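Chains as they are written, first to last, in this note's numbering: chain D, 1 to 480; chain R, 1 to 463.
Rather than coming from a laboratory, the hints here were simulated on the basis of the structure. Everything numeric in this text was worked out from a predicted model, so none of it was measured. Possibly wrong hints are sitting among the right ones.
[Unchecked claim] Taking lysine to any residue and the SDA-like style, the derived pairs with C-alpha atoms no more than 25 angstroms apart in a straight line are:
(1) R:K261 <-> D:K329
(2) D:K256 <-> D:A76
(3) R:K163 <-> D:A76
(4) R:K145 <-> D:S321
(5) D:K151 <-> R:E340
(6) R:K298 <-> R:L439
(7) D:K130 <-> R:L439
(8) R:K199 <-> R:W126
(9) D:K329 <-> D:V144
(10) D:K161 <-> R:T416
(11) D:K94 <-> D:N46
(12) D:K130 <-> R:V455
(13) R:K131 <-> R:H72
[Claimed, not checked] Which chain D residues stay away from chain R? Per the calculated CB distances, all over 10 angstroms, these:
(14) L168
(15) G242
(16) A391
Positions of the beta carbon are idealized from the N, C-alpha and C atoms, including for glycine.
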Amino acid sequence: MKERKFVMKMAVYVSVLILALFAGSCSRNSFVKENLKTFHEFRLKNGIPVVVKIARHSRTKSLVLVINGGKALVPAEKAGLDKLTQQLMRMESKKYSDVKRRTILKKTSSSIGASDGLDYTHYNLKTIDKYFNETFDLYADLLVNPSFPEKLFRETVTNLKNRYRSDLTDGYARVSLALNRSFFSGHPYCSYLFNVETIDNITLEDIKAFYRENYVASRMTLFAAGDFEIHSLKNRLDDAFGSIPQGTGFDAVPQKFAGSQGAPLILDPYADLKKETSYVRANFEVIPVTHKDYWALVLASSMVSEIMTDLIRTKNSMVYSVWSNVFGKRSNYASISAYRTNNPEKVVNLIKESIDIAAAGKCVSPYRGSGNNDEYVPIAEGLGFYKTSFATNFYTGLQTNASIAMKMADSYIHFRDYTNYLRVMSKIQAVSAEEVQRAVVRYIKNSDKVWAITAHPDTVEQIKKDHKAYASSYRVINLR
Amino acid sequence: MRIKKYTGLLLLIFLSYTSNLSALESHLLKNGLEVFLEENHLVPLVNIRITFRAGAIVETPELNGLCHLYEHLLFMGNSRYRNQGQFKAALKRMGVGSWNGGTSTEFVTYYITIPSDRVEDGLEFWAYAVKSPLLSEDELVNERKVVHNEIAGKQSEPDYSLKNAVRHALYPDYWYRRDVGGDLEIIDTATVAKLKFIKNNFYVPNNAALFVSGDIDPDSVMQAVEKNYGDWERGPGFPELPPHKPLEKEIWVAVDTSPSKGLASVRFIFRGPDAAADTASTYAADLWGQMVNDPDGKFKNNMYRAVPELHGGTRHISAGYFTQRDAGSSSFAFTVTVPEEEGLWEIITRLKKALKKEIFLMKGKDYFTAEAVQSAKTELENHDILSRETAAGFMSNLSFWWASTSTQYYLNYLETVKKLTMDDVHAFLEKYLVDKPFLTSIWINEDDEKIQGIVKRVKEKQQ
Numbered sequence: 001m002k003e004r005k006f007v008m009k010m011a012v013y014v015s016v017l018i019l020a021l022f023a024g025s026c027s028r029n030s031f032v033k034e035n036l037k038t039f040h041e042f043r044l045k046n047g048i049p050v051v052v053k054i055a056r057h058s059r060t061k062s063l064v065l066v067i068n069g070g071k072a073l074v075p076a077e078k079a080g081l082d083k084l085t086q087q088l089m090r091m092e093s094k095k096y097s098d099v100k101r102r103t104i105l106k107k108t109s110s111s112i113g114a115s116d117g118l119d120y121t122h123y124n125l126k127t128i129d130k131y132f133n134e135t136f137d138l139y140a141d142l143l144v145n146p147s148f149p150e151k152l153f154r155e156t157v158t159n160l161k162n163r164y165r166s167d168l169t170d171g172y173a174r175v176s177l178a179l180n181r182s183f184f185s186g187h188p189y190c191s192y193l194f195n196v197e198t199i200d201n202i203t204l205e206d207i208k209a210f211y212r213e214n215y216v217a218s219r220m221t222l223f224a225a226g227d228f229e230i231h232s233l234k235n236r237l238d239d240a241f242g243s244i245p246q247g248t249g250f251d252a253v254p255q256k257f258a259g260s261q262g263a264p265l266i267l268d269p270y271a272d273l274k275k276e277t278s279y280v281r282a283n284f285e286v287i288p289v290t291h292k293d294y295w296a297l298v299l300a301s302s303m304v305s306e307i308m309t310d311l312i313r314t315k316n317s318m319v320y321s322v323w324s325n326v327f328g329k330r331s332n333y334a335s336i337s338a339y340r341t342n343n344p345e346k347v348v349n350l351i352k353e354s355i356d357i358a359a360a361g362k363c364v365s366p367y368r369g370s371g372n373n374d375e376y377v378p379i380a381e382g383l384g385f386y387k388t389s390f391a392t393n394f395y396t397g398l399q400t401n402a403s404i405a406m407k408m409a410d411s412y413i414h415f416r417d418y419t420n421y422l423r424v425m426s427k428i429q430a431v432s433a434e435e436v437q438r439a440v441v442r443y444i445k446n447s448d449k450v451w452a453i454t455a456h457p458d459t460v461e462q463i464k465k466d467h468k469a470y471a472s473s474y475r476v477i478n479l480r
Numbered sequence: 001m002r003i004k005k006y007t008g009l010l011l012l013i014f015l016s017y018t019s020n021l022s023a024l025e026s027h028l029l030k031n032g033l034e035v036f037l038e039e040n041h042l043v044p045l046v047n048i049r050i051t052f053r054a055g056a057i058v059e060t061p062e063l064n065g066l067c068h069l070y071e072h073l074l075f076m077g078n079s080r081y082r083n084q085g086q087f088k089a090a091l092k093r094m095g096v097g098s099w100n101g102g103t104s105t106e107f108v109t110y111y112i113t114i115p116s117d118r119v120e121d122g123l124e125f126w127a128y129a130v131k132s133p134l135l136s137e138d139e140l141v142n143e144r145k146v147v148h149n150e151i152a153g154k155q156s157e158p159d160y161s162l163k164n165a166v167r168h169a170l171y172p173d174y175w176y177r178r179d180v181g182g183d184l185e186i187i188d189t190a191t192v193a194k195l196k197f198i199k200n201n202f203y204v205p206n207n208a209a210l211f212v213s214g215d216i217d218p219d220s221v222m223q224a225v226e227k228n229y230g231d232w233e234r235g236p237g238f239p240e241l242p243p244h245k246p247l248e249k250e251i252w253v254a255v256d257t258s259p260s261k262g263l264a265s266v267r268f269i270f271r272g273p274d275a276a277a278d279t280a281s282t283y284a285a286d287l288w289g290q291m292v293n294d295p296d297g298k299f300k301n302n303m304y305r306a307v308p309e310l311h312g313g314t315r316h317i318s319a320g321y322f323t324q325r326d327a328g329s330s331s332f333a334f335t336v337t338v339p340e341e342e343g344l345w346e347i348i349t350r351l352k353k354a355l356k357k358e359i360f361l362m363k364g365k366d367y368f369t370a371e372a373v374q375s376a377k378t379e380l381e382n383h384d385i386l387s388r389e390t391a392a393g394f395m396s397n398l399s400f401w402w403a404s405t406s407t408q409y410y411l412n413y414l415e416t417v418k419k420l421t422m423d424d425v426h427a428f429l430e431k432y433l434v435d436k437p438f439l440t441s442i443w444i445n446e447d448d449e450k451i452q453g454i455v456k457r458v459k460e461k462q463q
């Protein structure tokens, strides 16, 4: 009787799901169509491509300037060079002193930010409509005429060194650093890992040269989202950026990661941690975002996350949080992290067990408490719900002009198509349960993982004795 | 209109700019539950948030940290979803994207984001969670370990000892009302009875507010709210709290756990105003906070002139007021370059003297110009524009203000700020800053401390 009830309920769920997917598919098509009408593209006189999305839902206006290249442009021994350059560039220009810049940004409640990513740097403006003219002029002058004063350079260097020292006191930052130093070894992304020594290697002349060589028209693309008048925006952009020198184009080329290199476990003893609090993380290489299996992998990763949470947190109370993440980089990789655990060794084993459950074609049952209390069900029975959750997160990320401009930029970098993000939901909906299971096996279970554990030295000693249960060898590192 | 049946208070504010009609409605159920609705059809999503006036503020020493533990327990099962597994499965069936809870000094909040066609399910879901949590012994024993890990991790962070010392110094009688994480021993020995006490006293409708925003139809949402929350029984609600005493003398705190070498963080913290006791002063304090942070204003320039050892000139000087129901504070923060030889104590002494002088000067007629006042008011309006960019973000903001002040406080905020004059700012200065005792906190690197001996001097001074 119970079973029949459950089958009835399942039938209702599945019917609702099919209807929802059908309705979703119709509305998604109109969502894409409506959005496509709002894009405008043009080039500046020096060839910089510009894409504008007219969005009238808010009073903010956002610009995102992408500078191609990322960490591949930075020598490993001068890691931090791109970060220092973008930080110093947006502090002071010929026309705007640092104080004047800060005054304008405060009075207009606007922000000018930048980020040195693995594949590209982006330089952003977020402002309120009524202040666009004033803040754009500041944004443009900082980019085109930065003054790179010696005094600000020294201060920025001090701050960056202290940021590194601060990271060394944070358990999660430490485990990421310990892991990435090994995983990125020999890869251009290694230049992401600055430290006091690499920062000390950088001179103000290095920064000026880096700016001259890399902040050039042939490496730039500009994305704008907000309520813009296209003609006047184009004139304004041409006046401001049309004279940026051409320079030489550059695109980061995907490269293989070194993998575990015989030491799949990195141990980082840190005496200031309490004995009951450790951090665990693994990295592994995965397929690029353009690969046909990519969206299956994204769904697979979210299913593995939920199994890990169920097994490690819900059932064993061993961790505050545990998750899996696919980063979507040009040289693509993924990670698994356990944040604050009292038993790092068991957590590593439970992570492996979680992956095995997904590899066997199972996911956490979304039906628990609704007539059937099976803990795990075939992926096919849960997949629709995972897709809906993905859609919820997807639409959540489309609510601000700043996030829309970033999505356009990211789509352009990876697909050479700034509208690609609009089609993500169609790609997600097309993924089958078999494809998800295959992605778990091929790209997560069978991957060459490098693990790292940051823990109290006493815990590390214990792990050294026990490591053979879950890692063939280990290496202890001394983070400084 | 059926809606009138539910509504003690109905307020509509239409914002004319956006093409997706943005409107805030406020309702009051008979059991005291406040309900806020914000309609915004940009994306097919709804955010449901429920907030309680709870957190550290309602705790006693014996309960310190248990509002946070209770926050976790709410996810562990209720009369409908019997355990954590069922609870999370229900979230998945609704297509939840992000979901979480958070405990702060003056509020506990929970939220989910769901597809808009599941809004009634979402409302029912939270109703079961808040009205009938199981609070089982087994789940409690398990979750105590998780929360222990979380708080032990926080206590390993280098700024924990500084925050803890400041808390005890500023609020000596009721420091635990500022300590969200609480005591590991109390967490490890928490009982179901203690959690039930929290539920019955603070997790009641007359101490809660529900925020529903996004792609909604307000009428149908209110029907679902009445259906699911109308029978929620009232309880004692927010307790009468003895106020924190004002500081009677100047106090010092120094800790040498800073990871920053060559730089020391120095903060001067004044008590007040408390939103519950002196609402009027909080508006003036906000306006003052905007003006005093002018990068090219008198305050920052004068301070840098008096203390050229400030790191980054005026760049790392900040000041402001933090609105809290019963523990508001106004503070000044500086980053000082630590000299290679001994000498930091002299710099801090000079900094302190310069600050006192500057606070005195702020009472003068010309210290803040009329232009500065107007600019500060415009900035506060701008913050409101930015906070409304997403419906969920706006509700998160509103939720904070609801907990630490009141609904009317937030809704009348900009109008009240517009009417402020310099006399209001001067009254705030006289009442809370001028010649008032304050706390000096110094956070220094261990290696720098070996040369400067600041911690030792502070200990001697305090004795």
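- Query: Checked against the structure, which of the hints given earlier come out wrong?
  - Reply: Those not satisfied are hints 1, 3, 7, 9, 10, 12, 14, 16.
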